[in-house]
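A.B. asks: In the order they appear, the protein sequences are chains A and B. The working numbering applies: residue 106 is where the first sequence begins, and numbers increase by one. The working numbering applies: residue 106 is where the second sequence begins, and numbers increase by one.
It should be emphasised that the hints constitute simulated quantities derived from the structure, not laboratory data. Please note: incorrect hints may appear among the correct ones.
No copy is singled out in the list; a pair is fine if it fits within one copy or between any two copies.
Below, computed lysine to any residue pairings styled on SDA-like, alpha-carbon distance capped at 25 Å [what the hints assert, rightly or not]:
#1 K199 to T271
#2 K199 to E143
#3 K265 to L247
#4 K261 to D221
2 protein chains.
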Amino acid sequence: MIIINTGKGKGKTTASIGQIIRFLGHGFKVCLIQLFKEDKFYGEQKILVKLDNLDFFSFVKKHPYCVKNINLEDIVNECVVVMRKLKELASKPKKYDLIVLEEFNIALRDRFILEDEFINIVKQLSQKSNIIVSGRGAPNALIKIADLVTEMKEIKHPYKVGTKATKGIEF
Amino acid sequence: MIIINTGKGKGKTTASIGQIIRFLGHGFKVCLIQLFKEDKFYGEQKILVKLDNLDFFSFVKKHPYCVKNINLEDIVNECVVVMRKLKELASKPKKYDLIVLEEFNIALRDRFILEDEFINIVKQLSQKSNIIVSGRGAPNALIKIADLVTEMKEIKHPYKVGTKATKGIEF
Numbered sequence: 106m107i108i109i110n111t112g113k114g115k116g117k118t119t120a121s122i123g124q125i126i127r128f129l130g131h132g133f134k135v136c137l138i139q140l141f142k143e144d145k146f147y148g149e150q151k152i153l154v155k156l157d158n159l160d161f162f163s164f165v166k167k168h169p170y171c172v173k174n175i176n177l178e179d180i181v182n183e184c185v186v187v188m189r190k191l192k193e194l195a196s197k198p199k200k201y202d203l204i205v206l207e208e209f210n211i212a213l214r215d216r217f218i219l220e221d222e223f224i225n226i227v228k229q230l231s232q233k234s235n236i237i238v239s240g241r242g243a244p245n246a247l248i249k250i251a252d253l254v255t256e257m258k259e260i261k262h263p264y265k266v267g268t269k270a271t272k273g274i275e276f
Numbered sequence: 106m107i108i109i110n111t112g113k114g115k116g117k118t119t120a121s122i123g124q125i126i127r128f129l130g131h132g133f134k135v136c137l138i139q140l141f142k143e144d145k146f147y148g149e150q151k152i153l154v155k156l157d158n159l160d161f162f163s164f165v166k167k168h169p170y171c172v173k174n175i176n177l178e179d180i181v182n183e184c185v186v187v188m189r190k191l192k193e194l195a196s197k198p199k200k201y202d203l204i205v206l207e208e209f210n211i212a213l214r215d216r217f218i219l220e221d222e223f224i225n226i227v228k229q230l231s232q233k234s235n236i237i238v239s240g241r242g243a244p245n246a247l248i249k250i251a252d253l254v255t256e257m258k259e260i261k262h263p264y265k266v267g268t269k270a271t272k273g274i275e276f
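The shape of chain A in the complex, shown without the other chains (with noise of 0.2 Å):
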């Protein structure tokens, strides 16, 4: 099954986290890889790296959005390995029962990763594990292929009102 958790409310993340918290639960095995992501800075990070089962993984852990004087081409070269590593998963036997692309949706979208390619790989892996992806923006070609989406609409934000990100709501 192909799961997408969008939009630009909360809970995409979260949801995310929940869900490989349930395939935890019942024994499954679960990939999860990060992108965007800083080290040790969100709190889940502290909790997913003590689990069983589950092998977590964090690339390009700056985003341009949020950290200025990055070379793109350092982050263009990070998701090439992203994604052999997600061809050699792939390509050998049933290894996850869920595999978490976290924000993947926004590395197509600034074109770090190609979508064809990205497409592609997503129906091979699926054919073996449940796949959740994630991020605002979810591009209408994975949409397509998706069983099951979500956008996480906002109908309120803190944001609005001026008040910065807090410990434990946000990261």
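Given chain A, put chain B in place with the hints provided.
C.D. replies: Below, chain B alone, put in the same frame as chain A:
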């Protein structure tokens, strides 16, 4: 901060679980109260009970929508116990950084818990703790007092093409 996860789409409970994991990762203390959830059925329950700093309670294990021949009076009585618990939490010094009230929107919709009473207690609790209320159909009066509201909007769902609930995905 008062947070609401509502809407008909998938991701309300998993987003709450993810938020709990995020809080716990920072060493915060969390209380989860679930309504209408069978014990030892949902994968996440098996992981959550093992985590430090989380107090996990479950009331009204069955909802009349799913299980027939339930005495509605028993449900109302159990909800009285739940509300007493919340009032006790509100009257004592801060114990939790986050209190998660899972599926309470359903209890409000079905009048097992009275809206005015619930909103008053949530307001009081939010003076000390962050509060998450989840479940489809959050009442307007609750949305009004909330800081952050996300509607999980169903864009595509496999139930629509006849797929049944899947282990790991829905439970």
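A.B. asks: Now tell me, hint by hint, if it's right for this structure.
C.D. replies: Here is what the structure says about each hint:
1. Taking CA atoms no more than 25 Å apart as the test, K199 paired with T271 passes between copies only; the shortest distance there is 19 Å, against 38 Å inside one copy.
2. Taking identical chains as interchangeable, the C-alpha atoms of K199 and E143 are never at most 25 Å apart, the minima being 29 Å within one chain and 31 Å between chains.
3. For the identical chains of this complex, K265 and L247 are inter-copy neighbours only, at 19 Å across copies versus 30 Å inside a copy, given an alpha-carbon limit of 25 Å.
4. In this assembly of identical chains, K261 and D221 lie within 25 Å of each other by CA distance solely across copies; the values are 21 Å between and 35 Å within a copy.
Checked against the numbered hints above, the structure breaks only hint 2 and satisfies the rest.
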